[in-house]
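S.K.: Each protein sequence line maps, in turn, to chains D and V.
Quick note on numbering: the numbering used here labels position 109 of the first sequence as 109, and the sequence is numbered without any gaps.
Quick note on numbering: the numbering used here labels position 49 of the second sequence as 1049, and the sequence is numbered without any gaps.
No lab work stands behind these hints: they were computed from the structure.
Computed from a predicted model, the values in this text were never measured in an experiment.
No residue lacks a Cβ here, since even glycine has one placed at the ideal position from N, Cα and C.
One or more hints might be untrue.
Claimed, not checked - Quick list of simulated restraints, FRET-style, between CB atoms:
| hint | chain 1 | residue 1 | chain 2 | residue 2 | range |
| --- | --- | --- | --- | --- | --- |
| 1 | D | 320 | V | 1026 | 46 to 54 angstroms |
| 2 | V | 1141 | D | 13 | 33 to 41 angstroms |
| 3 | D | 18 | V | 1141 | 39 to 47 angstroms |
| 4 | V | 1125 | D | 394 | 40 to 48 angstroms |
| 5 | V | 1181 | D | 361 | 52 to 60 angstroms |
| 6 | D | 34 | V | 1082 | 57 to 65 angstroms |
| 7 | D | 361 | V | 1048 | 53 to 61 angstroms |
| 8 | D | 31 | V | 1124 | 47 to 55 angstroms |
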Amino acid sequence: MKPSTEHRAPGTDLHIIWTLFSSSSRLQKKRAMLTIAAIAWGTVAILLLLAFGEGLKRQLDKNRRSTAENFAVMWPSETTKPWKGLPPGRPIRPRIDDLDFIRARMPELKSVIGEVVSWRTAISYGKKTVNGRVIGTNYLYGDARRHYPVAGGRWLSPADEINRRRVIFLGDEMAKDIFGQEDPIGKTLLVNNAPYTVIGVMQHKTQMGVYGGPDKNHACIPISTFRAQFGRDKLNNLDIETYQAEEMTAALKKLNEVLGPKFGYDPTDGRALQTWDMVKSAKVTTNITLGIQIFLGIVGALTLLIGGVGVANIMYAVVKERTREIGVKMALGAKSRWIIYPFVLEGLLYTFVGGALGIIIATLLVALTSFVPIEQNRVMSFLGRPTLSPEIGVATSMILGIIGLLAGYFPARRAASIDPAATLRYE
Amino acid sequence: MNNNRNGTIIHMSEIRKVYDTGKVTVEALKGIDLEVHKGEMVAVVGPSGSGKSTLMNLLGCLDTPTSGRYELGGENVAGVTRDQLAEIRNRRVGFVFQNFNLLPHISSLENVEMPMLFGGVPVKERHVRATELLERVGLGDRVDHKPTELSGGQMQRVAIARALAMNPDIVLADEPTGNLDTSSGSDIMSIFSDLWKQGRTLLIITHDPGLAKRASRIVEVRDGRVTADHPGEGA
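The task is simple: from the sequences and hints, build the whole structure.
M.R.: Structure (structure tokens):
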């Protein structure tokens, strides 16, 4: 009576591989633990590096946005191209009234803002006097340039601008320099001997992009008040803000087409009004952070690869150890794939356990960093807080899977190439 | 039944095997012609280095000849893939080795089930048949023991049960009593005799004159050639 071999169920291969895998001998505990530890170590390394990169990226994004978003700053300069008989080298100086001219012609812009600056201006309170930067600007500047007031204060209002009120909004460091521990809100100070009421102090922020100087060191007053007191209306900066980042390039082109005829310069002359397009520089920053992340990822992957080499090494040793066992199975009729896949599964098992362990450890470590206060710490407020994202998890798992597969597959192929005749003959 | 010579199990003609190590070439078999018929119990004898083991490897499809024609159960073995060779071994050959070659970390039962696993025999049938075979070799009470918990004689009996699992065309035994003491050796010999009496075909490579004596036919191999082929006392 022959055993019934004719009716092979469709899952026979899987059944055989699984049976062999679950019945095959395992590594000695010590070896298995070292292997798993190597993989766990690699996993922790790659996860921490990627989490660090992700935190850096998010922090840079945040710090960049703390200046402004979808924003461009222009400062008056000189023409570099001749225009309708006019020679190059002519200064271009937009004035406060030109803001309405632009607003009327470019209603698609979110805001058009002017900045008039008085450098090293004497600001006194009681017996204390500091020299600081005072900016006359529109109320729209507050939102666009992220000048959020700390509780109890407010930013400039449209009414302040219309009524030319003597109100002042202080950068946080300047407020500290003048008032120390005292609450500045509602106090009256002197700007070039003219009294101003402090209406607000800026919330602290880590600022990446700076022009003129850090926001924390300046004070803002309504642009109309500035004109009245300082008697100047030539803009130091002309700012525009779009609703979407993609609109910026077209907006800047149109702005020159609007201003060129008015001021008599070639609209294609990019130097008449020198421009800092923050949308463009944001792209550069994004590419740099992406580059950093890729670099960190590669370093982590290499560390993990070393763990993988460890697994492969152990698996080779196991193949050597079990040569006779493999030879016996072959003699009994095992096909190559039934030899290969249990080994691949074993490699994957160690990688999986090590990887899972590494993920747990890394997650705990990253969670621990959330207890480090970030706002008070200069380094941390630049580097940000390590963050694990789902993408990092997926990427790491994929790398782990590939390494596990390879670490099992090559030793397994060696196993399948064993010559059964040679292994069975001798003791 | 004992002397049924109708079916040819093994047909070898002009089989040569050359080992080429790169530096030296060794001609282990220099043209072997051998036929084994159903129901025979053949003892292959000869001094060490005579080519017995090489012959055994070729007979068991563990290795392929350099030249010559080999049919096992009417199936030509030349030019098949490794996996096909594995399948032929699984269905047609049962091995019994001098050093038992049981898998050390699994039970006797699982060892006997192993060829049936490869043969695609359903789990239940595997279990029933393996238990039955172990009972037949007198190890019904040792099914859950691992090889390390068994004596040499017991291990060899498990190996015999395993060799019979797929009900092969032929059982090949390579010095099956070589690692056993006299008494367990003679137990094994009796089992082989019984198998033969039940109509099985056996080919045993042996130094043991006692075992050779029980065979129906004795083939002497010397220097890679068959030098004598005569009926044994068991015939």
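S.K.: Holds or violated: 53 to 61 angstroms for the Cβ distance of residue 361 of chain D and residue 1048 of chain V?
M.R.: holds (58 angstroms)
S.K.: Quick one: are residue 18 of chain D and residue 1141 of chain V within 39 to 47 angstroms, going by C-beta?
M.R.: violated (29 angstroms)
S.K.: Between residue 31 of chain D and residue 1124 of chain V, does the C-beta distance stay in 47 to 55 angstroms?
M.R.: violated (37 angstroms)
S.K.: Looking only at beta-carbon atoms, does the pair residue 320 of chain D, residue 1026 of chain V fall within the given range of 46 to 54 angstroms?
M.R.: Cβ of residue 320 of chain D to Cβ of residue 1026 of chain V: about 26 angstroms, so the range 46 to 54 angstroms is violated.
S.K.: Against the range 33 to 41 angstroms, how does the distance between the Cβ atoms of residue 1141 of chain V and residue 13 of chain D compare: consistent or not?
M.R.: 34 angstroms Cβ-Cβ, so the 33 to 41 angstroms window holds.
S.K.: Do the beta carbons of residue 34 of chain D and residue 1082 of chain V sit within 57 to 65 angstroms of each other?
M.R.: violated (34 angstroms)
S.K.: Can you let me know if the beta-carbon spacing of residue 1125 of chain V and residue 394 of chain D is within 40 to 48 angstroms?
M.R.: holds (44 angstroms)
S.K.: Okay, residue 1181 of chain V versus residue 361 of chain D on CB: inside 52 to 60 angstroms?
M.R.: holds (56 angstroms)
Consistency with the previously given hints fails for numbers 1, 3, 6 and 8, ordered from lowest to highest.
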